[in-house]
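Undergrad: Sequence:
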Amino acid sequence: MSKFYKQLSFLLCLICFVPLNAAEQHLIIERSNFSFNSLSKNSLIYQLGEKPVLIDPENNTISYKKNNTWQDQSFTELPKFAAYAEGVDKIYIVGGVIAGQQSKKVFDLSLVGDKLQLNSLPDMPHGVLNAGAGVFKGALYVCGGLESVYANEASKKAIRYNFSAEIPSWEKLEDLPEAVYSPSVIEGFEELLLIGGKVFNQAGVGLSTNNVMGFRLAPIDGQTKKGWRKLAPIPQTLSNNCVAKLGQSHILLLGGESIKSNDKSELSKKVYFYHNMSNTWMTESVDMEPRSHAFLIKQKDNYLLCGGRNPKGELQNKAVHIKVQRVVKSLEFLDYAVIVVYFIIMAGIGVFFAKKQDTAEEYALGNRGVKWWAAGISMFATAASSISFMAIPALVAATSLVHVSGVLLIIPAFFVSAYLTYPLLRRLKITSTFEYMELRFGKSLRIVGSIQNITYQLAGRMSVVMLLPALAISAVTGLDIMLSILLMGGLTTLYTCFGGFEAVIWSDVMQGGMMLLGLLIIAIFGIWALPEGFTTFYEVNHANHKLNAFLFSSDMSLPLFIFFALNTIIVQMNFVSDQSLAQRILCTPEKDVPKLAGAMTACSIVVAVLAGFAGLSLFAYFATFPEKMDVMMKNDSMVPLFIVQQLPVGLVGLIIAALFAASMSTLSSSMNSCAVLISEDFYKRFSKNPDEKKALTLMKLSTFVLGAIGTSSALILSKIDTPALMQVWAEICAVLSGGFIGVAILGIFTRRTNCGGAVVGVAASIIVSLLLKNYSTIHWCSFAVFSTLSCLFFGYFSSFIIPGKKRDLTGLTLWDMYPAEEEEAKDLDLEQKAVEA
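Numbers in our numbering are just positions in the sequence shown, counted from 1, shifted up by 22.
Hints listed in this document are in silico derivations from the structure and should not be mistaken for laboratory results.
Be a bit skeptical, because a hint or two may be false.
Stated by the list, open to error - Simulated pairs of lysine to aspartate or glutamate, EDC-like, Cα-Cα distance not exceeding 16 Å:
hint : residue 1 : residue 2
1    : K292      : D309
2    : K716      : E383
3    : K351      : D502
4    : K706      : E212
5    : K267      : E209
6    : K159      : E212
7    : K320      : E108
8    : K656      : D323
9    : K741      : D502
10   : K722      : E383
11   : K248      : E288
Given the sequences, and given the hints that come with them, work out the whole structure.
TA: And the structure:
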């Protein structure tokens with residue numbers, strides 16, 4: 023079996039890292055067979071669901087393509103010079119000119135069966151033509167424009183129609199920073215963008231502008247400003263251009279014209295990419311005839327450039343196919359060699375410890391004799407994972423240092439953990455942390471808690487931490503994300519299954535060290551790559567408010583410091599409700615538990631500081647060199663993209679290996695801990711004659727099954743578009759773990775709370791989490807805080823009302839802890855409690 027395991031692990035490594043050719047540019051322009059029979063001067067082309075539609079206000083017709091044939095449909099009167107906004111399955115037609123006058127009318131165009139329908143929405147407060155219109159966060163926005171057909175001054179007005187409001191109606195927003203008409207409108211990264219358009223000069227002549235404005239419903243984390251703001255201008259003045267959203271934060275801008283006077287206009291030959299997160303522009307040269315007044319139609323991941331006019335003013339019936347591709351960079355042989363060596367070492371650890379797993383106790387806790395420093399590093403690596411290595415630096419780069427500010431509370435929390443809560447759990451000599459729940463509250467809490475923790479590991483932790491390095495592989499090599507998840511999940515499942523808990527511990531030690539080294543290297547090389555080093559690093563981050571670490575306000579839609587402070591304290595209590603963390607405490611000799619807590623605390627502080635600096639380095643680097651970014655990337659891919667862009671050969675392979683290490687440490691811990699829970703909380707708890715060999719076999723088999731389920735969860739998550747995986751992680755933690763963290767706190771710190779109160783607390787926690795996520799504007803970083811606080815409040819006070827069974831609490835609360843020296847009495851007391859339970 024060991025020989026087979028080595029060969030299979032090596033084969034997976036080779037398959038996973040087949041080099042791919044690197045793409046050299048983002049856009050490939052090709053001819054397309056798609057064409058329009060006839061276009062008039064004022065023809066407009068938009069997308070209705072997946073179908074392109076041709077709108078001709080001059081002839082009052084709208085056409086769509088069915089079975090390769092254009093179907094025409096006539097309407098009474100279509101507005102001219104209207105604004106258009108594309109929804110999910112509707113096109114909104116806003117204002118314009120009807121019967122020679124500016125219109126207040128708003129329509130939505132939809133396709134019902136084979137027939138186009140034009141439905142009226144409530145009139146706007148004022149008539150407007152040549153406005154900008156866009157759909158953003160469930161509302162229709164109308165911005166700028168002309169308030170009269172004879173106007174020689176653009177409008178600054180902005181209004182919104184909120185479809186999700188209890189009573190939808192038009193509401194006035196703050197004025198635009200600059201007046202504009204006919205801007206391009208598109209949704210960016212958590213922001214509505216107005217790009218280019220036209221303005222009037224003092225002589226009343228309409229000229230192209232390079233202004234860019236953004237509207238945010240919520241401030242960027244670390245700031246308090248919301249609403250409109252001025253953004254980096256387009257490198258040239260442009261109007262009548264095309265825009266499309268790429269990836270998570272990029273906007274494609276091409277075509278259009280630069281109108282400089284009444285008789286001077288020039289069509290743009292350039293393609294621009296705007297990165298909303300860093301507020302920067304980059305240019306790409308493509309071989310394409312320039313067009314103005316053209317339209318972009320999305321087809322899967324590609325686009326059709328339709329209609330428009332060439333420099334001679336001729337209408338273009340033929341569409342142009344635009345393929346957007348990832349810009350990837352293949353690794354060198356030395357990098358692949360380093361990564362393969364890492365996987366061989368991981369496989370070797372699994373094979374080495376496979377020979378030592380003779381009993382279920384050895385497989386689950388390593389005979390409770392693990393070195394304190396190894397357990398501490400392993401505990402840190404399990405808790406940190408690829409969340410710290412990739413998601414937090416990316417989140418800091420996208421927002422600010424507010425997301426690492428809670429690290430200040432780790433030091434005072436250490437004293438509570440080292441001398442109170444960790445020793446309390448260790449002195450109970452249990453294997454499953456939910457045995458504590460049974461001793462403290464009863465059997466039902468043990469079973470429910472164990473099921474909850476297994477669900478949390480499978481549907482939450484394992485899926486997120488597996489997806490992050492899969493994104494890394496995709497960004498580096500272009501390899502399919504789903505294939506990467508399958509390969510990584512399979513390898514980790516194998517070495518965890520065969521090596522057991524000790525294999526997990528010692529692989530964690532290596533992986534934790536690689537994680538810290540990787541973040542340090544990213545931070546150093548990121549600053550080193552800047553034109554003036556640390557000076558540029560500071561100036562770029564300071565100018566973009568990235569150094570804001572503490573936010574104090576009464577507005578709970580902001581990421582306030584109090585949330586991070588409370589969350590840090592709550593996380594320190596997570597060990598009682600998280601088997602993967604509790605195992606590190608239970609496997610360490612009792613006299614060394616304070617040292618374990620110290621090692622965990624030190625590593626946590628270092629990784630938080632390094633992750634913050636790495637995030638700032640990433641932002642400064644990509645803001646200074648925007649051309650280095652991949653326009654199709656998600657923000658969470660910033661770390662691996664920087665690695666292949668900037669680090670030298672060999673070191674790239676080492677840091678890519680560290681990305682895998684960051685994920686696999688948590689992944690293996692989750693698999694092993696869930697297998698232990700299945701054995702301890704279900705097999706041994708309910709079997710009349712539990713057998714150690716059967717328990718060992720069950721844990722190994724469970725590891726295989728759990729690995730398959732966790733991998734499937736990651737595959738599902740890879741198909742979901744999210745602003746940031748850190749946000750997904752916070753939401754999952756709040757729903758699946760907040761309640762039992764609260765129960766653990768109640769159990770350890772209070773004598774009053776009983777089983778009925780604990781159940782009420784868990785239920786309240788889940789309900790509050792779901793309500794906050796779906797029906798509030800409160801910031802997602804507070805979800806776990808309010809989830810836990812609701813459990814504490816309802817759990818404690820309901821215990822005064824709900825009668826509970828009187829229990830012997832000796833050794834189970836901070837007020838009733840076993841003294842360290844009373845070993846024999848403690849063992850006898852625990853045996854008696856187990857019989858009573």
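Undergrad: Compare the structure with each hint and give your call.
TA: Against the structure, the hints:
no.	hint	verdict
1	K292 <-> D309	holds (9 Å)
2	K716 <-> E383	holds (12 Å)
3	K351 <-> D502	holds (15 Å)
4	K706 <-> E212	violated (50 Å)
5	K267 <-> E209	holds (7 Å)
6	K159 <-> E212	holds (9 Å)
7	K320 <-> E108	holds (12 Å)
8	K656 <-> D323	holds (14 Å)
9	K741 <-> D502	holds (12 Å)
10	K722 <-> E383	holds (13 Å)
11	K248 <-> E288	violated (36 Å)
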